[in-house]
Amino acid sequence: MTEDDLVYALLEADRGEIEMINLIDDITNNGLSPIDLVMVFEEEDKFVVLEGNRRIAAVKLIARQIAAPEDFPALAKTLSAVKPSSAPKAIACTIAPSREAGRHWIERKHAGPAGGAGTKQWGPEQKSRFSGGTTGQTAIAIAITSFLLERHPDSPELIAAVNKARKKSTNLGRILQFLPFQAEFGIRVRGGKVESANQIEEDLAFWIAVLNALGDLTVSTIHTRDQRTAFVQRAASFRTPAEDESPTAAPETTEPDSASTESGTAAETQPPAPTPEGLTGDETSDPTAESGSQETTVSTENDPAPAQERPTPAGVTTTLAQPKPKHTLFSGLSLHHVSTRVQALLWEAQKLELSKALNTGAILIRVVVELATDDAVAAGVVPGTTIDARLGAKIEKALAALTASGVHKTVTGPVNRFVSGPDFRSLHDYVHSTSAFPTSAEAVSNLSATFVSYLRELDGMIKNAGRDGNA
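Numbering follows my numbering, in which position 461 of the sequence shown is assigned residue number 461; successive positions increment by one, without gaps.
In case anyone wonders, no lab produced these hints; they're calculated from the structure.
Ideal placement from N, C-alpha and C gives every residue a C-beta, glycine not left out.
A few of these clues could be false.
Unchecked claim - Using 25 Å as the maximum straight-line C-alpha spacing, the simulated PhoX-like pairs for lysine-lysine come out as follows:
(1) K46 x K83
(2) K83 x K60
(3) K60 x K109
(4) K409 x K397
(5) K77 x K89
(6) K77 x K60
(7) K326 x K351
Stated by the list, open to error - Restraint-style ranges between C-beta atoms, simulated for each label pair:
(8) S433 x T403: 27 to 37 Å
(9) S433 x K326: 21 to 31 Å
(10) R190 x P113: 27 to 37 Å
(11) D4 x A81: 21 to 31 Å
(12) S334 x P383: 18 to 28 Å
(13) K60 x P153: 49 to 59 Å
(14) A400 x L204: 49 to 59 Å
Can you make the complete structure from the sequences, with help from the hints?
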């Protein structure tokens with residue numbers, strides 16, 4: 001076979017011409033690879049190429065030592081823009097003792113990993129690590145799992161869970177990149193670095209459970225947004241309850257004033273307190289005290305009986321600590337067809353601790369309501385344009401569209417009354433005025449509740465129109 005025949009055969013192969021063009025472009029810009037040498041063996045005072053025929057052919061085409069076949073005009077056009085002087089002047093080679101000796105190394109290069117003895121192709125994780133990517137599923141998965149391993153380097157359970165989940169890199173990336181997951185658990189990746197809002201990375205049991213669960217799933221079971229949302233809800237059950245989330249606070253016992261009881265009657269008129277079971281009279285009373293002024297001390301240390309079964313001494317009031325009401329934004333609302341941006345903002349708003357972030361909460365109401373309404377306008381279910389339009393006008397058009405679609409006035413009425421009333425201005429002022437401040441967490445929570453049904457119906461209209469904001 002002549003050199004011309006060899007070049008023709010290389011070009012005739014599937015994608016042969018485009019691959020040769022790409023190789024020529026790479027050689028003229030970067031030269032030949034120094035880590036992948038051409039292999040030759042000596043035969044009859046000549047060196048015969050065993051490995052690297054495409055590279056040698058490309059160099060000879062660049063140097064015009066071989067003419068481009070007429071059947072490949074794209075190659076000819078590429079070569080016309082390349083100077084022959086750009087061809088390498090020398091080619092580094094490794095010399096095999098014989099053709100047979102060279103076959104072993106050729107097989108190691110082209111026949112796959114061979115159990116680790118051959119050339120192993122990079123997977124998505126290796127490619128992302130090498131390229132230093134900071135976005136995309138794989139980069140985010142690497143960032144978060146590496147972050148966890150740095151925080152807990154001595155946990156064999158975490159190491160095993162990470163290795164298991166990384167075998168399902170698509171699942172891992174889809175969930176860790178999913179904005180509702182990041183919003184729910186307060187963890188985010190920016191510029192390849194992990195930011196944590198609530199120290200969730202310290203909940204080792206949570207992450208081990210999440211990673212093991214992802215390792216058990218197939219790609220098809222976490223492919224859609226609804227499937228990923230369901231996983232987020234499932235993952236919430238893996239979280240270790242915080243101390244302030246304990247179901248029942250310990251009862252408080254208070255002794256009355258020595259001169260009176262709850263009813264205001266003098267203490268000496270009350271009958272003596274009974275001696276609790278298991279305690280002797282010596283442990284509960286002072287034998288030298290007068291009959292009408294006896295004090296009773298009840299020790300509950302080492303008492304095996306449950307608190308509700310213990311007798312309450314006379315004159316002692318038992319008070320159960322009542323949990324403080326928790327005010328949230330957009331309680332019970334879930335949106336699936338507005339844009340991903342609005343969904344993420346909603347999740348973050350719902351997790352906000354309003355008592356500590358009143359201004360942020362008030363501003364988020366305006367942002368979520370306006371952007372969701374804009375999504376409905378963009379989807380064509382609400383007439384008009386989002387550009388230079390007042391929020392009130394957009395909401396009024398949205399209410400008209402909801403009414404026309406058959407939505408009951410119990411949904412549109414509260415929003416309509418609010419928009420036409422004096423308090424609507426507060427949505428604007430919370431964002432733009434330096435003197436407008438919300439009064440309480442309850443007020444902000446109630447304001448967001450005004451729009452819950454409105455937003456839910458808009459989300460449904462977008463779905464029915466087939467204009468999903470996440471398509």
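Quick rundown of the hints versus the structure:
The straight-line distance between the Cα atoms of K46 and K83 is roughly 28 Å, outside the 25 Å bound, and the hint therefore fails. Between K83 and K60 the CA atoms are separated by roughly 12 Å; this keeps the pair inside 25 Å, and the hint holds. For the suggested pair K60 and K109, the alpha carbons sit about 24 Å apart, so the restraint of at most 25 Å is met. Restraint check for K409 and K397: satisfied, since their Cα atoms lie roughly 15 Å apart, inside the 25 Å limit.
Pair hint K77 plus K89 holds up; C-alpha atoms about 23 Å apart against a cutoff of 25 Å. Between K77 and K60 the alpha-carbon distance is near 16 Å, which keeps this suggested pair within the 25 Å criterion. About 11 Å separates the Cα atoms of K326 and K351, which keeps this hinted pair within 25 Å; it holds. Checked against the hint of 27 to 37 Å, the C-beta distance between S433 and T403 comes to roughly 32 Å, which is consistent with it.
S433 and K326 have their C-beta atoms about 28 Å apart, which keeps the hinted 21 to 31 Å range intact. At about 35 Å, the CB distance of R190 to P113 agrees with the hint of 27 to 37 Å. Against the hinted window of 21 to 31 Å, the Cβ-Cβ separation of D4 and A81 comes to about 22 Å, which satisfies the hint. Between S334 and P383 the beta carbons are some 26 Å apart, a value that agrees with the proposed interval 18 to 28 Å.
One distance hint, 49 to 59 Å for the beta-carbon pair K60 and P153, holds here, with the actual separation near 54 Å. Hint check: A400 to L204, Cβ distance near 53 Å, so the stated range 49 to 59 Å holds.
The structure is inconsistent with hint 1 alone, although it conforms to all the rest.
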